[in-house]
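Construct all of the structure, not just a fragment, from the sequences and the given hints.
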Amino acid sequence: MTTAPAPVTVSASAPVAGLVPATGGGLPVGRIGADAGRDAVIAHLREGARLIRRSDIQMVHAAGLGHIGGEFSITDVLATLYLHVMKVSPDQVADPERDRLILSKGHAAGALYTTLAAAGFIPPDQLATFMQPMSMLNGHPDRKKIAAVEANTGPLGHGLPIAVGTAIAAKLDGSPRRTFVLLGDGELQEGSNWEAMMTASQYGLANLTAVVDRNRLQQGARVVDTNDLEPLADKLRAFGWEVVEVDGHDHGALLDVFAAVPAASGKPTFVIAHTFKGYPISFMRDNVAWHHKVPSAEQVALALAELETS
Amino acid sequence: MTTAPAPVTVSASAPVAGLVPATGGGLPVGRIGADAGRDAVIAHLREGARLIRRSDIQMVHAAGLGHIGGEFSITDVLATLYLHVMKVSPDQVADPERDRLILSKGHAAGALYTTLAAAGFIPPDQLATFMQPMSMLNGHPDRKKIAAVEANTGPLGHGLPIAVGTAIAAKLDGSPRRTFVLLGDGELQEGSNWEAMMTASQYGLANLTAVVDRNRLQQGARVVDTNDLEPLADKLRAFGWEVVEVDGHDHGALLDVFAAVPAASGKPTFVIAHTFKGYPISFMRDNVAWHHKVPSAEQVALALAELETS
Amino acid sequence: MTALTASAPRAERALHDCRDAYAATLIELAAADPRVVVVVNDSTGSSKLGEFGKQFPDRLINVGIAEQDMVGVGAGLANGGKIPFVSAASCFLTARALEQIKVDAAYSNNNIKLCGMSPGMAYGELGATHHSIEDLAWLRVIPNLTVIVPADPVETAQALRWAAEHTGPVFVRVSRMGVPDVNPAGYEFVPGRAVTLREGTDVTIIATGTVVSRALDAADDLALAGISARVLSMPTIKPIDTDAIVAAARETGAIVTVEEALTSGGLGGAVAETVVRHHPVPMRFVGVPDAFAPTGSTSWLFDHFGISAAGIDAAVRDVLDR
Amino acid sequence: MTALTASAPRAERALHDCRDAYAATLIELAAADPRVVVVVNDSTGSSKLGEFGKQFPDRLINVGIAEQDMVGVGAGLANGGKIPFVSAASCFLTARALEQIKVDAAYSNNNIKLCGMSPGMAYGELGATHHSIEDLAWLRVIPNLTVIVPADPVETAQALRWAAEHTGPVFVRVSRMGVPDVNPAGYEFVPGRAVTLREGTDVTIIATGTVVSRALDAADDLALAGISARVLSMPTIKPIDTDAIVAAARETGAIVTVEEALTSGGLGGAVAETVVRHHPVPMRFVGVPDAFAPTGSTSWLFDHFGISAAGIDAAVRDVLDR
Ligand SMILES: Cc1ncc(C[n+]2csc(CCOP(=O)(O)OP(=O)(O)O)c2C)c(N)n1
Ligand SMILES: Cc1ncc(C[n+]2csc(CCOP(=O)(O)OP(=O)(O)O)c2C)c(N)n1
Ligand SMILES: [Mg+2]
Ligand SMILES: [Mg+2]
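Residue numbers (this note's numbering), protein chains in the order written: chain E, 1 to 310; chain C, 1001 to 1310; chain U, 2001 to 2322; chain S, 3001 to 3322.
Source of the hints: derived by calculation from the structure; they are not laboratory data. Just so you know, even glycine gets a beta-carbon here, dropped at the ideal spot from N, CA and C. There may be inaccurate statements among the hints.
Label pairs and their in silico Cβ distance ranges [stated by the list, open to error]:
#1 U:Pro2034 to E:Gly204: 12 to 22 Å
#2 C:Ala1259 to E:Asp173: 50 to 60 Å
#3 S:Asp3058 to U:Glu2051: 51 to 61 Å
#4 U:Arg2193 to S:Asp3243: 31 to 41 Å
#5 E:Gly266 to U:Ala2014: 42 to 52 Å
#6 E:Gln92 to U:Arg2013: 49 to 59 Å
To give an idea of the chain C side of the interface with chain E (calculated C-beta under 10 Å), a few residues [said to hold, decoys possible]:
#7 Asp1173
#8 Ser1175
#9 Asn1193
#10 Ala1196
#11 Met1198
#12 Phe1276
With a straight-line Cα cutoff of 25 Å, these simulated DMTMM-like cross-link-like pairs (lysine to aspartate or glutamate) come out [to be verified]:
#13 C:Lys1171 to S:Glu3028
#14 C:Lys1267 to E:Asp234
#15 C:Lys1171 to S:Asp3058
#16 U:Lys2054 to C:Asp1286
#17 C:Lys1171 to C:Asp1125
#18 E:Lys171 to E:Glu230
#19 E:Lys267 to E:Glu245
#20 C:Lys1144 to C:Asp1125
#21 E:Lys171 to U:Asp2033
#22 C:Lys1171 to S:Glu3165
#23 E:Lys293 to S:Glu3028
Below you can see the structure in the form of structure tokens.
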């Protein structure tokens, strides 16, 4: 049961250099259903991701705070899930049978908020309040303020255990609903994840899909220079999971990966999404400096120009 | 630099059925050096382990508390380390260059205390105070009370991070001293262990040896029925460790394993010691009921008789 | 700690392990509501949940020895519409999963019930690692978390039933050491409400959980010496019953708190903060002082620290200076 | 929260990020003593330890995002003869590794220094997950742990030097939000000792850390209205300076505590417990009440909760009822 495609608004105008509009313009883009055909879905996701990134970078600039690098690395995954894959829509946020996404790397809240705005879950005009006093858009997501948020995250290593719980609940209910959880790669250094992986394997949670944003950068350095994860796929497999590697910026490939869940093996699926922090912006991409650096007005203008052609 | 063998006292008398002496009798057996020859060392360890188990079961019976099953599964490993392998002796407990053992599965304190008594680190007459008011022999080891104890453990999942710290300290000092850490298999469900394994791998801690007491039982059930660890060796290897599997009750095999550390690869070594909870007692062996069951006087007598011929 | 007065004769009282009421109540709740599930960390036996597991095998979720995961899984089950009772030794549940309790339970306002088993010094001989005497101080300050410490089996059962009905995060301390029934027949637990178990005019003894019976014993002894002690049982530590505390301060002029916990930060701390805000009176604190306990059995440790009728008696005389 | 009196004119004061003093002092200590090492959880930058890492690359141990491991590794380094400074955001250090702090640091009596960076509401907009306002309540009750909250860069440096000299576990809260120098020239930090920054007779304001300057401002304002407020700075939360508190209660008759922390359990709790034990007087508590904070910047949140000269002023008038 995929919801019908919402009207697609693709009205973003080219930015005036040096002038930063308050939000990305053109949001919401809405969800697109499977009946639209694969090419149309991919085009929709690509355009959606572009608008989400536009919106996000302007929002972060306006707030003077945010984690733009790690937001841009997951934008394509979030867009794919919220604009198409997941069975959840704005009028369904309290439906027990909804699919769930838990953003474990909660510092990338900006990407979640702009995606939720794009998909119609929160009013786009709220984006201007990001980080402001009394805003519903806190630096990390708060489910008490936004109905579409499934879990309050921010401290790393909380999302996967919670996702295991929602997946066990679905299994107990005999429900086909699915749980997705999106983690950072540095985040996998938290032991709580490995606890949860063992539980997921023991309970045969085929309805659970974890996606790791494999951008190879963490807060202060490259992952390999901090606490290497390789051989990551071997680790995940040894913990009893199906492992799929994918280009985390390729919407078509992501669609295929998510379509293959639940795996026939009955195992939970771990998607290693190979991404770049700051993608696709030339001066941010794969650059650890952009963990929580805030772009200047000039940088926003440059980025928006690059996004036009991305 | 292995210390010279202490005088070996092998005076344990056969128990009078139904009568439980206060301690095992015959302790301490002392350490044995490499110059004694392999066969003599093995004989010494076998006899030492036998006396340690004698002492332990009587101590637990007298206290009415203890974890005899998980103590008997590690007795051979502890005896091998303290009576021969480790470069530490009673007059060296404060020597910065000593080898270190951290008993991460601190609930098996009884095995540690009786081993330390056997090796001369604590007066054997203290064993009678186990768990008594103001005793130095707490239910879990306390380094403030016993100089030979390296870490206060009890909550599972603390020992490996601590061992990583002592191993990094040795590396910083350019010292050949080694760190050993002994964990339960159920304990490996704690995520803190996997955090520490990543750190150990990242820091190339060849001077660190972890031993997992692979008795396949945890507190309330079999490990496989709780939160399976298999494929355990694959997990450990994927976390960057050398993995060696060994019969954890075979002193000769244990000697070989410990002699091979540090590994030429520069990796830390994980020893999977295949053991039986309650070994070698017929009615305890591989029986989850003996996690913290206290043997009756009759059961002690039976066990002591079985130990005579073990 | 020696009593300053003769002991009053004590009636023979049967002692109960509150885990029995706990286990029976969870079975009752699970039978009535399919949303009730239990999450454990290899603690089925120590939580006395074997029978629960037999009756509801799918609804006893054992994550293994992994407390962070355990609380997170509980939060996820709540998100999925279940009513999870997370059941683990209080020392590990609170110390090991505190951020999960703060964030996944309280800040997220999840409908999760955290059951701290065998708290206080129930694991006396096992040492400070296994004593959960900081839990009240740690949890009491977490916003949006209700903290309940039942005193006897009836109150345990009632608190659990209330927790199952209530939507939101609740912590219940479930005692293992034997306690007598202390609440009167027909007693009904009301969250946030203190219970006056004995009227008195000279001093108020405020006790929680396992030590309420000792407070009653001390009041008996003090009566022999002509000291009239009010006894309040305080089953809810958060929110604390401000009115009852202020009335006690105003009407009796002195307060002694008693808890199987540190004398800092827990019940004593909550009462002290209330008193200085509303009606300052002298106080004494009975519990574990600022130290890790020596090796010893639960009952030996209670005596060692003066968490006894005699110790309470001495504290009352000290605060009254007579 | 509006001021009840006119504000006294404030001198221009330079504001300092105490992490600068922290980083400089660690470099100084490391240069003098090869045993000094640092352990971080991907927090090199947020602890301002980049330069330390350049000068002592082997002695900056980054375990990655793994707080339990981080504190355990610190304990092991102490066992191996090092003097580890474990440096991580206070919220994660304390909430995520509390059992390691209890067991591996305090109960084991390891020579480890726990440095809680950017505590309180320094990460204002990042929300309650990143606010470390429970840390004082949580850590203060752990036996054998010294808890220090420096108020300015000089005190930060001195507290760190003392911690390096002292054998045993110490927690130091290292503030990020800008603070002025508050201690007089020639000041020397003495552990466990309160500092009288201003004499007064009507009321005592006891403040710790970042808010000491606000207490001084409030005292200035109150003086205009003829209220004489003593100001005590309390850099050590545990052990608390009982003598200074009792003298304040006795000599001024009322106390207001101020902290960048919950009003329950931390400094306020420690003072309340001391006061009712020794000399009960009315108190008020300035800090974060029992709630998760809304979204907002640090300075907005301070004003929102009345942790300001105006808020302190109001609390003083409330406790004095005038
Ligand atoms: C428990 C915890 N420790 C530390 C942090 C601070 N922190 C925020 S983001 C981050 C880096 C995360 O790296 P990664 O998971 O790779 O995410 P990315 O930066 O790629 O988005 C850190 C250390 C945190 N949020 N939670
Ligand atoms: C953090 C923590 N959680 C729970 C416990 C309770 N506990 C004590 S022993 C034990 C089982 C340990 O199993 P394993 O590691 O296999 O050791 P064995 O029983 O084989 O000796 C448990 C769950 C604990 N000590 N620490
Ligand atoms: Mg990353
Ligand atoms: Mg085992």
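Verification of the supplied hints:
The hinted window of 12 to 22 Å between Pro2034 (chain U) and Gly204 (chain E) holds, with their beta carbons roughly 21 Å apart. The hinted window of 50 to 60 Å between Ala1259 (chain C) and Asp173 (chain E) holds, with their beta carbons roughly 55 Å apart. Separation of Asp3058 (chain S) from Glu2051 (chain U) is about 56 Å and conforms to the stated range, judged on CB atoms against 51 to 61 Å. Between Arg2193 (chain U) and Asp3243 (chain S) the CB atoms are about 38 Å apart, so this pair conforms to the stated range of 31 to 41 Å.
Between Gly266 (chain E) and Ala2014 (chain U) the Cβ separation comes to about 50 Å, which falls inside the hinted range of 42 to 52 Å. Here the CB-CB span from Gln92 (chain E) to Arg2013 (chain U) is close to 56 Å, well matched to the stated 49 to 59 Å. Given hint, Asp1173 (chain C) at the interface with chain E, is violated; its Cβ is 22 Å from that chain's nearest Cβ, farther than 10 Å. The interface hint given for Ser1175 (chain C) is violated, since its Cβ lies 24 Å from the closest Cβ of chain E, which is over the 10 Å cut-off.
Hint status for Asn1193 (chain C): holds, given a least beta-carbon distance of 7 Å to chain E, under 10 Å. For Ala1196 (chain C), the interface hint holds, the least distance from its beta-carbon to any beta-carbon of chain E being 8 Å, beneath 10 Å. Satisfaction of the interface hint for Met1198 (chain C) is found here, the shortest Cβ-Cβ separation to chain E being roughly 5 Å, below the 10 Å cut-off. Restraint check, Phe1276 (chain C) versus chain E: the minimum CB separation of about 23 Å is more than 10 Å; hint violated.
Distance check on the hinted pair: Lys1171 (chain C) and Glu3028 (chain S) sit about 23 Å apart at the alpha-carbon level, within 25 Å; holds. Straight-line distance between C-alpha atoms of Lys1267 (chain C) and Asp234 (chain E) comes to about 17 Å, which keeps the hinted pair within the 25 Å bound. At roughly 10 Å between alpha-carbon atoms, Lys1171 (chain C) and Asp3058 (chain S) fall within 25 Å of each other, so this suggested pair holds. A hinted pair counts as satisfied when its Cα atoms are at most 25 Å apart, and Lys2054 (chain U) with Asp1286 (chain C) qualifies at roughly 23 Å.
Distance restraint check for Lys1171 (chain C) and Asp1125 (chain C): the Cα-Cα separation of roughly 38 Å exceeds the 25 Å cut-off, and the hinted pair is therefore not satisfied. Pair hint Lys171 (chain E) plus Glu230 (chain E) does not hold up; C-alpha atoms about 32 Å apart against a cutoff of 25 Å. Of the pairs offered as hints, the one joining Lys267 (chain E) and Glu245 (chain E) holds, with about 16 Å between alpha carbons and a cut-off of 25 Å not exceeded. The suggested pairing of Lys1144 (chain C) with Asp1125 (chain C) holds, with an alpha-carbon distance near 19 Å, which does not exceed 25 Å.
Of the supplied pair hints, the one linking Lys171 (chain E) and Asp2033 (chain U) holds, its CA atoms being roughly 17 Å apart against a limit of 25 Å. At roughly 24 Å between alpha-carbon atoms, Lys1171 (chain C) and Glu3165 (chain S) fall within 25 Å of each other, so this suggested pair holds. For a cut-off of 25 Å, the pair hint linking Lys293 (chain E) to Glu3028 (chain S) is broken: about 30 Å separates their Cα positions.
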